[in-house]
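Participant: Taking my numbering, I'd label the letters of the sequence shown as residues 730 to 1030.
It should be emphasised that the hints constitute simulated quantities derived from the structure, not laboratory data.
Just so you know, not all the hints are guaranteed correct.
Listed below are the simulated SDA-like cross-link pairs for lysine to any residue, each with C-alpha atoms no more than 20 Å apart in a straight line [claimed, not checked]:
#1 Lys-998 to Thr-950
#2 Lys-868 to Arg-883
#3 Lys-868 to Arg-737
#4 Lys-794 to Ala-783
#5 Lys-868 to Met-985
#6 Lys-868 to Pro-801
#7 Lys-998 to Met-937
#8 Lys-868 to His-978
#9 Lys-998 to Ser-1019
#10 Lys-868 to Ala-796
#11 Lys-868 to Ala-821
#12 Lys-868 to Pro-1006
#13 Lys-998 to Tyr-802
#14 Lys-794 to Leu-810
#15 Lys-868 to Thr-950
#16 Lys-998 to Leu-820
#17 Lys-998 to Trp-974
#18 Lys-998 to Arg-934
#19 Lys-868 to Gln-999
#20 Lys-998 to Met-985
#21 Lys-794 to His-804
#22 Lys-868 to Tyr-802
#23 Lys-794 to Ala-1009
#24 Lys-794 to Ile-779
#25 Lys-794 to Pro-1006
#26 Lys-794 to Leu-817
Simulated restraints, written as ranges between beta carbons of each label pair [to be verified]:
#27 Gln-963 to Thr-758: 57 to 63 Å
#28 His-991 to His-798: 45 to 51 Å
#29 Ala-851 to Asn-799: 47 to 53 Å
#30 Leu-762 to Tyr-802: 50 to 56 Å
#31 Leu-916 to Asp-938: 26 to 32 Å
#32 Pro-1006 to Asp-797: 19 to 25 Å
#33 Met-937 to His-836: 52 to 58 Å
#34 Asp-797 to Trp-844: 17 to 23 Å
#35 Ala-851 to Gln-963: 29 to 35 Å
#36 Val-850 to Ala-796: 18 to 24 Å
#37 Pro-801 to Trp-828: 27 to 33 Å
Each residue gets a CB set at the ideal place from its N, CA and C atoms; glycine is no exception.
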Amino acid sequence: MPHRADRRAEQITLAGLLCNLMIGVGKLTAGILGNAYALVADAAESLVDIAGSALVYTGLRYARKPADHNHPYGHWRAESLAALGASLLILAVGSWITWGAIDRLIHPAPTPAPWTVAVLVAVIAVKETLYRVMRVQAKRIGSDALHAEAWHHRSDAVTSVAALIGVALSVWGGPRFAPADAIAALLAAAIVLFNGLRLARLHIRDLMDTVSPEIAARAETIARQDPAVVDIEQAHARRLGRRHWIDMHVEVDPAMTVADAHRCTGRIKQAIREQIPSVADVLIHIEPASNSENGGANSPA
């Protein structure tokens, strides 16, 4: 099942990359022919999104590589690194839009062609559809990288809305509204920068081994169901890409043999992996229960 999800994530990311390429080239062509600087800037964001999509796709492919001598825990961090890179690209584009908008306020551009408004309406519809589809798929397979890619499409749609408002006011509002496109672009840039910071914070947390208390609590509940478990001293879960690693200290009867303790850990690991598919590995440290006689219902007879 995890491998199927990996392949699905790659397929969705590749489809998003191809869509961004077509949309970016279309907007750039329309912006140049229609003398719409806001549309050219919007196209630049889409083309940068292509680089982000390629980065995420590469990260997903690399993350699937099996563990080796130099990477005994696998390559799952590649997905988080790719998602962080995509977030940094969003921040870079937001900064570029800000600079371009300020430049347009200082040096007003010629009035765009009216037909560029229709181009922007179509672009917004397509990008919002891509965002919704990719967000659903990201939740379904639990991929942070796809989630970042979905927000790429949403941020692109937002900047396209800003460009639409600015171009429409420039076309039909007269000289009074000449700077409208630059002001709208500044507002869109603020949203893009906010999204970039939010996503970067999320992926930095993964790279810093931030705990996953919900997964740890589920694993502890599963472990307590084993009849040989007296108590759980502690359970921690950390996330690497879409996988979780669990460390657990399990208390058992001090009289239990090493062989029995080994079988106990095997049962617990199997149960956790079966019930929590995102778990890649479980490290269990066996400890003697301090008071096995009063260990509770889970204490072995």
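Participant: If a hint holds in the structure, say so; if it does not, say that too.
Facilitator: Results of checking the hints against the structure:
| no. | hint | verdict |
| --- | --- | --- |
| 1 | Lys-998 to Thr-950 | 13 Å, holds |
| 2 | Lys-868 to Arg-883 | 16 Å, holds |
| 3 | Lys-868 to Arg-737 | 12 Å, holds |
| 4 | Lys-794 to Ala-783 | 17 Å, holds |
| 5 | Lys-868 to Met-985 | 43 Å, violated |
| 6 | Lys-868 to Pro-801 | 28 Å, violated |
| 7 | Lys-998 to Met-937 | 25 Å, violated |
| 8 | Lys-868 to His-978 | 31 Å, violated |
| 9 | Lys-998 to Ser-1019 | 23 Å, violated |
| 10 | Lys-868 to Ala-796 | 26 Å, violated |
| 11 | Lys-868 to Ala-821 | 26 Å, violated |
| 12 | Lys-868 to Pro-1006 | 14 Å, holds |
| 13 | Lys-998 to Tyr-802 | 16 Å, holds |
| 14 | Lys-794 to Leu-810 | 15 Å, holds |
| 15 | Lys-868 to Thr-950 | 24 Å, violated |
| 16 | Lys-998 to Leu-820 | 41 Å, violated |
| 17 | Lys-998 to Trp-974 | 11 Å, holds |
| 18 | Lys-998 to Arg-934 | 26 Å, violated |
| 19 | Lys-868 to Gln-999 | 25 Å, violated |
| 20 | Lys-998 to Met-985 | 18 Å, holds |
| 21 | Lys-794 to His-804 | 6 Å, holds |
| 22 | Lys-868 to Tyr-802 | 24 Å, violated |
| 23 | Lys-794 to Ala-1009 | 13 Å, holds |
| 24 | Lys-794 to Ile-779 | 23 Å, violated |
| 25 | Lys-794 to Pro-1006 | 18 Å, holds |
| 26 | Lys-794 to Leu-817 | 24 Å, violated |
| 27 | Gln-963 to Thr-758: 57 to 63 Å | 59 Å, holds |
| 28 | His-991 to His-798: 45 to 51 Å | 26 Å, violated |
| 29 | Ala-851 to Asn-799: 47 to 53 Å | 48 Å, holds |
| 30 | Leu-762 to Tyr-802: 50 to 56 Å | 52 Å, holds |
| 31 | Leu-916 to Asp-938: 26 to 32 Å | 37 Å, violated |
| 32 | Pro-1006 to Asp-797: 19 to 25 Å | 23 Å, holds |
| 33 | Met-937 to His-836: 52 to 58 Å | 43 Å, violated |
| 34 | Asp-797 to Trp-844: 17 to 23 Å | 55 Å, violated |
| 35 | Ala-851 to Gln-963: 29 to 35 Å | 55 Å, violated |
| 36 | Val-850 to Ala-796: 18 to 24 Å | 49 Å, violated |
| 37 | Pro-801 to Trp-828: 27 to 33 Å | 45 Å, violated |
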